[in-house]
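From just these sequences and the hints, can you work out the full model?
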Amino acid sequence: MLHLTLQAKLQAAVRTVLPDADVTHVLVRPCPDARHGDYQSNALLPLAKLRKLNPRQLAEQVKAQLDVAEVCEVVDIAGPGFLNFRVRPAAFAAVLQGAVRGEHLFFAQAAQPRTVVIDFSSPNVAKPMHVGHIRSTGIGDALQRVFRLLGHRVITDNHIGDWGTQFGKLLLGWKQILDRDALAKDAIAELERLYKVINAECDAEPARLEEAKQELVKLQAGDAENTEVWQEMIRVSQAQFDAIYGRLGVKFDHALGESFYNPQLGPVVEDLLARGIARESEGAVGVFSDGSVPPKEDVFLVNRDGEWVPDPALVRKSDGGFNYMTTDLATVDYRLKTWAPDEIVYVVDDRQAGHFKKLFLTFARWQPDAARKVKLVHVGFGKILGEDGKPFKTRSGDTVKLGDLLDEAEERALKAVTEKNPDLSEPERKEIARIVGLGAVKYADLLPNRQSDYQFSWDKMLALQGNTAPYLLYAYTRVRSIFRKGGLEATSLSAQPPVLNAPDEIALAKQLMNFGLVLEAVAEEYRPNFLCNYLYDLAGLVARFYESCPVLKAEGAERATRLLLCELTGRVLKQGLEALGIETTEQM
RNA sequence: GCGCUCGUAGCUCAGUUGGAUAGAGCAUCUGCCUUCUAAGCAGACGGUCGUGGGUUCGACUCCCGCCGAGCGCACCA
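Going from the first sequence to the numbering used here is simple: count from 1 and add 280.
Quick caveat, the hints were computed from the structure, so don't treat them as lab data. Some hints here could point you the wrong way.
[As the list claims (entries may be wrong)] Label-pair restraints from in silico Cβ distances:
#1 G586 / V657: 32 to 38 Å
#2 A519 / E706: 49 to 55 Å
#3 D551 / A801: 36 to 42 Å
#4 T395 / D687: 27 to 33 Å
#5 A834 / R315: 25 to 31 Å
#6 A519 / R559: 40 to 46 Å
#7 G600 / G677: 34 to 40 Å
#8 S828 / T698: 47 to 53 Å
#9 E706 / A801: 39 to 45 Å
We put the CB at the ideal spot given by N, CA and C, even for glycine.
Shown next as structure tokens:
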């Protein structure tokens with residue numbers, strides 16, 4: 281909003297002074313310290329350095345060309361050459377008024393919308409979704425929501441693990457030890473049991489493993505019975521996925537599982553061989569180093585005991601089967617041909633960083649022209665640890681099932697709501713608990729910098745103080761309750777321009793204006809935690825405002841201004857939480 | 001061994017092109033409810049940003065060495 285106006289003016293001024301300068305990095309940001317001004321730019325310093333100019337002199341020259349009088353009352357040059365802008369109160373008021381009229385909510389649609397494929401969640405058939413899936417699912421969903429909000433064209437695709445060697449064992453188990461009643465009761469649990477039993481037997485007896493392999497071979501060859509069983513396993517698994525996604529409010533445009541690409545795998549390998557990109561080695565087919573970079577930077581080499589040895593991307597196993605590199609190559613190819621995206625984003629565990637590096641490089645060697653037109657991005661994330669700092673497990677040492685986790689979150693939230701607000705009816709409390717509990721889980725997962733592991737803690741997650749979903753939701757209910765108590769509607773708020781006086785009013789208003797900047801940063805860096813931190817700051821500012829600035833007791837322009845700030849804060853909180861996939865509640 | 005990621009307050013974590021005095025919650029201590037939800041707010045205490053160098057007008061941020069942790073290293077995904 282205002283920073284964009286100032287930024288455009290500043291870039292124009294810089295171009296006048298330095299006609300050949302690249303102004304894409306000439307940015308205007310909010311001042312971290314309000315005493316310096318409202319907005320600042322420090323872009324002139326690196327610009328001056330590059331040209332060996334005196335930075336303060338350059339700042340003077342740029343300032344002389346700067347035409348920002350309608351927005352700013354003062355532009356200062358500070359320190360080594362910072363530009364500080366002080367915005368006219370009327371300019372602030374105009375932006376707020378535009379927002380309350382519904383013209384914008386402090387962010388703008390992307391000037392150049394992109395088509396972005398986002399690949400996330402990717403659960404495996406016949407396995408329960410566990411805590412780990414909350415990461416890919418939550419981060420992926422938040423990113424997809426933010427991209428859409430900013431006006432990009434988004435295609436979400438759930439790359440379900442519905443193919444692979446595990447189906448040999450599952451088929452064997454299904455045919456020999458399936459418990460139909462157990463399947464009807466909890467299909468995934470029964471499938472999991474089949475796998476565990478057969479897998480243990482295979483470890484113990486080679487003959488058993490051979491049996492499983494035969495089942496797999498029959499499936500791969502299109503055997504009617506095995507295909508039917510396999511499809512049944514997918515169907516019952518999908519039903520469980522859908523139940524979880526329903527609770528989480530996550531939807532996909534497509535769910536093209538690994539098996540969808542089966543017909544393409546052979547042709548992909550043949551094409552790689554024909555083009556000389558892959559070659560045979562020890563019976564397998566792989567893509568090897570092309571020697572174009574030093575060994576240290578070459579992902580197709582690995583150092584073993586001082587020797588650089590090949591670490592190829594295998595696309596066909598020595599038994600003729602394909603692996604996930606092959607599938608992923610076919611998937612990139614399909615997505616480019618079908619949707620022509622500008623970008624494909626993979627929200628997958630950081631441990632697979634190496635795989636994605638190889639995948640992207642292999643694809644670039646396979647289809648150089650197509651690869652130049654698309655940005656392939658691996659958005660990785662760390663593990664969830666228990667409060668003991670070790671991987672998060674149940675007391676008995678099993679992985680925590682996602683459904684159980686969500687149940688417990690809602691139960692704990694219900695306890696808290698009942699304690700804090702016993703007068704509400706049970707259905708109301710349950711609905712609030714659902715929103716607060718699920719919101720708390722999602723928020724706790726989105727808050728940490730995604731690349732690091734984080735420690736899971738029920739108490740911290742559902743705490744009502746600190747950077748948590750309940751705190752944000754509480755801030756929202758407080759501003760909403762003002763309208764409820766006052767019996768007011770937001771409709772008449774735009775009649776006169778707001779008049780900001782109190783420091784807490786000004787601080788709140790300025791934070792509102794930064795919403796768009798933050799949404800853009802989330803999309804730019806694929807980091808929803810920027811939005812979490814922004815909303816937490818906003819909630820803190822509105823809490824302070826709430827203490828120091830009575831709303832309903834104020835009169836005239838002061839009252840109107842404060843009501844307007846409450847309304848807009850409510851809208852930004854709601855929109856921001858929605859972008860994180862978190863619902864809001866009017867009371868809690 | 002090689003590579004990747006990381007190391008910030010007692011604990012859990014933020015820290016948006018390198019930018020102005022490194023922030024929050026918890027814990028400890030002190031205040032504030034006849035006043036829009038105190039599920040809150042204000043304040044105090046707490047830091048050689050692992051460590052040693054380097055680049056820079058300026059480094060938590062970039063580069064190199066070292067120490068420590070996690071992860072990954074052909075035919076599972």
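Violated hints - listed by number, lowest first
Violated: hints 2, 4, 8.
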